[in-house]
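Position 59 of the sequence shown, counting from 1, maps to 59 under UniProt numbering, and the rest follow consecutively.
Think of the hints as simulated: they come from the structure by calculation, not from any bench.
Small disclaimer: the values here were computed from a predicted structure and weren't measured.
Among the hints, a few may not be true.
[To be verified] Derived DEER-like restraints, expressed as beta-carbon distance ranges:
{"no.": "1", "residue 1": "A105", "residue 2": "S21", "range": "16 to 24 Å"}
{"no.": "2", "residue 1": "P61", "residue 2": "E22", "range": "36 to 44 Å"}
{"no.": "3", "residue 1": "G93", "residue 2": "F48", "range": "28 to 36 Å"}
{"no.": "4", "residue 1": "N62", "residue 2": "S21", "range": "41 to 49 Å"}
{"no.": "5", "residue 1": "G87", "residue 2": "G39", "range": "28 to 36 Å"}
{"no.": "6", "residue 1": "E22", "residue 2": "N62", "range": "22 to 30 Å"}
{"no.": "7", "residue 1": "L40", "residue 2": "G87", "range": "29 to 37 Å"}
{"no.": "8", "residue 1": "G63", "residue 2": "E22", "range": "22 to 30 Å"}
{"no.": "9", "residue 1": "P23", "residue 2": "N62", "range": "38 to 46 Å"}
No residue lacks a Cβ here, since even glycine has one placed at the ideal position from N, Cα and C.
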Amino acid sequence: MRVARPVSSSRPAPVAPSPASEPPVPPLAVRGLTVRFAGLTALDGVSFTVEPGSVHAVIGPNGAGKSTCLNVLSGLYRAAEGSVRLGDAELTGLAPHRVAGLGVA
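With the sequences and hints as input, model every part of the structure.
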C-alpha cells in the first residue's frame, strides 16, 4: 500500500481576504409590501428585515403569497405599495438583473 505524501510547493499558500477588508453587508429591509392581481390582494403590508448572515424561512399554505413576495424582492414583480431596501439602496422597481447585481439572489 502506498501512502500519499504532501506535495511541496515553492508558492505560498493563498490567503483569503480578511473580513475587515470587505465592506459590511447591509440588511435587507422590506416595508409594507402590497401586491394585487386583478383585485386579489396577494400581499398586504408585508414587512420584515433580514440581517446579513441570518437564515430565514418563508412558510405558509398554497396561495399565501410566498412566491409573490420573493418575486417582488428579486424584481420580477412590482409592488403596488411598500419598499424593498438593501441598506440605503432602494430596490423597489429595479429590473431583476440590477437587483442581482447588488447581491440579492
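How the hints compare with the structure:
no. : hint                   : in the structure
1   : A105 x S21: 16 to 24 Å : 23 Å, holds
2   : P61 x E22: 36 to 44 Å  : 39 Å, holds
3   : G93 x F48: 28 to 36 Å  : 19 Å, violated
4   : N62 x S21: 41 to 49 Å  : 45 Å, holds
5   : G87 x G39: 28 to 36 Å  : 35 Å, holds
6   : E22 x N62: 22 to 30 Å  : 40 Å, violated
7   : L40 x G87: 29 to 37 Å  : 32 Å, holds
8   : G63 x E22: 22 to 30 Å  : 40 Å, violated
9   : P23 x N62: 38 to 46 Å  : 40 Å, holds
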